[in-house]
Structure formats: C-alpha cells, structure tokens
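Residue strings, one per chain:
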Amino acid sequence: NAGVTQTPKFRVLKTGQSMTLLCAQDMNHEYMYWYRQDPGMGLRLIHYSVGEGTTAKGEVPDGYNVSRLKKQNFLLGLESAAPSQTSVYFCATLTFSEAFFGQGTRLTVV
Amino acid sequence: EDKVVQSPLSLVVHEGDTVTLNCSYEVTNFRSLLWYKQEKKAPTFLFMLTSSGIEKKSGRLSSILDKKELFSILNITATQTGDSAVYLCACLYGGATNKLIFGTGTLLAVQP
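Same order as they appear, the protein sequences are chains A and B.
Numbering follows the working numbering, with no gaps: position 104 of the first sequence is 104.
Numbering follows the working numbering, with no gaps: position 71 of the second sequence is 71.
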C-alpha cells in the first residue's frame, strides 16, 4: 500500500538470533500498529503506538520489543527468535477516517 | 476481555448472489469499526464506521453500524469471482488506549 513500507519482505532466522523489522510511513499518521498473522488465528496485535515516543502492549507482546523514536518509523524487535515467532508480520497506520497496511514481512525461524 | 466476532467463518456463493457478513463486538470505549478485504497479501481498507445507522457505500459494497446492538454488517451485491477473499472486521478502542483489535475474518468464495 502506498505510504506504508515494511522492511524486509522476507527473512529466515536461526533460533536465538535477533532482528528488527522496520515500518516506515510518509502520511504523518499518529497511530501505528504491529500485528502477526497466523493460519486460523487472524491478526493479533503485538504492540502499538499512539505517537512519537510512546508505545504500548497489545494482545501478544511477549518476545517482542518496539520503539518509535521518530513519528514516521515504528520498529519491531525480536531479541532472541523462537520457532513460535514464525509468522507473517504486518504494520498498520490509522487516521480518523481510513487505515493502511504495509505489504507484510514473512519471517521463518528455524 | 474485548472481543470481535465475525460470522460466518466461511461462505460459498455463486456469482450474482448477494451476501451479508456479520461482525459483533464487545468493546468498552468503542470508537470505530473498520472493514478490510484481504486477498493474498496485505488487508486493504474498505470502510470505517463511527456513527450508528449511517450506511457507507462503495460500488457493490455497503456497510452499516448498530451501536445499540453492537454489530455491523457488510453487504456485497451482485458478487463476482474477484470478491473472493477474507473479509476482516476490526474495532478501534477509544479512551487512552486506541487499540485496533481484529476478528478472525470471514472467508468468502464466489464460484462462477
């Protein structure tokens, strides 16, 4: 989707490795969200942010950390990856009238 | 715990049929309800509903919110094979949290 870019698109990690997923938006949206999507589980909220310098836990925050040092960027970190974190990760932004998703990151932890 | 429940879980129809997808919610500090369509990649935004009883329409798709009964419906008329997708409903909390919580979706298959 135009305006929300996720990096990387694909990644394979070994158990115990760390990585950071980047969500960048150029629409000046205040609200940003990180989700994971697993078969049969729908989209589950990991962490979210309602503005620069603020973050909050979602439904499934364990094993993840986030930072929003700049308004346009929302980073999702995995400090020590586990096979249970194999998933497709989506970033979303929100305004008062519409919402956008990034194109997703497919992460496999072996 | 706040929940967003969609029904049916899956649906198979033929081209030209009209379908109604349901989303019910149990949220405190409800602010808005959103509908998305997801094909093979990221969800795409369809509607955001904030006020009760006001229909939003886009082509063959329409949606309405009932804040008294805590549900929304998404209607698709004259369905086409290109409407085949997972339709997701999400609720935005208000207050201090501003969480956006999704239901598990309705898988719609439109057969020729």
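Among the hints, a few may not be true.
Said to hold, decoys possible - EDC-like cross-link-like pairs, simulated, lysine to aspartate or glutamate; straight-line CA separation at most 16 Å:
| id | chain 1 | residue 1 | chain 2 | residue 2 |
| --- | --- | --- | --- | --- |
| 1 | A | Lys70 | A | Glu30 |
| 2 | A | Lys70 | A | Asp26 |
| 3 | B | Lys67 | B | Glu39 |
| 4 | B | Lys37 | A | Glu98 |
| 5 | B | Lys67 | B | Glu55 |
| 6 | B | Lys41 | B | Asp83 |
| 7 | B | Lys57 | A | Asp38 |
| 8 | A | Lys70 | A | Glu52 |
| 9 | B | Lys3 | B | Glu69 |
| 10 | B | Lys37 | B | Glu69 |
| 11 | B | Lys3 | A | Glu30 |
| 12 | B | Lys57 | B | Glu69 |
| 13 | B | Lys56 | A | Glu59 |
| 14 | B | Lys40 | A | Glu52 |
| 15 | B | Lys40 | B | Glu69 |
| 16 | A | Lys71 | A | Asp38 |
| 17 | A | Lys71 | A | Glu30 |
| 18 | B | Lys41 | A | Glu59 |
Keep in mind that the hints were calculated from the coordinates and are not lab data.
Satisfaction of hint between Glu30 of chain A and Lys71 of chain A, Cα-Cα up to 16 Å: 7 Å, holds
Lys3 of chain B paired with Glu69 of chain B [C-alpha distance capped at 16 Å]: 14 Å, holds
Holds or violated: Lys70 of chain A with Glu30 of chain A, Cα cutoff 16 Å? 11 Å, holds
Would you check the hint for Lys57 of chain B and Glu69 of chain B, treating anything up to 16 Å between C-alpha atoms as holding? Since the Cα atoms of Lys57 of chain B and Glu69 of chain B sit roughly 21 Å apart, the hinted pair is violated (cutoff 16 Å).
For Lys41 of chain B and Glu59 of chain A, compute the direct alpha-carbon distance and say whether it is at most 16 Å. 22 Å, violated
Run the distance test for Lys56 of chain B versus Glu59 of chain A: straight-line Cα separation, threshold 16 Å. 30 Å, violated
Check whether the Cα positions of Lys3 of chain B and Glu30 of chain A lie no farther apart than 16 Å. 24 Å, violated
Is the hinted pair Lys70 of chain A and Asp26 of chain A satisfied, with a Cα-Cα distance of at most 16 Å? 11 Å, holds
Given the hint that Lys40 of chain B pairs with Glu52 of chain A, does the C-alpha gap stay at or below 16 Å? Distance ~31 Å between Lys40 of chain B and Glu52 of chain A Cα, so the pair is violated.
Quickly compare the C-alpha distance for Lys57 of chain B and Asp38 of chain A to 16 Å and report which way the hint goes. With Cα atoms ~30 Å apart, Lys57 of chain B and Asp38 of chain A exceed 16 Å; violated.
Does Lys70 of chain A pair with Glu52 of chain A here, judged by a C-alpha cut-off of 16 Å? 6 Å, holds
Taken at face value, is the distance from the CA of Glu69 of chain B to the CA of Lys37 of chain B at most 16 Å? 24 Å, violated
Violation of the numbered hints given earlier is confined to hints 3, 7, 10, 11, 12, 13, 14, 15, 16 and 18; the remaining hints are satisfied by the structure.
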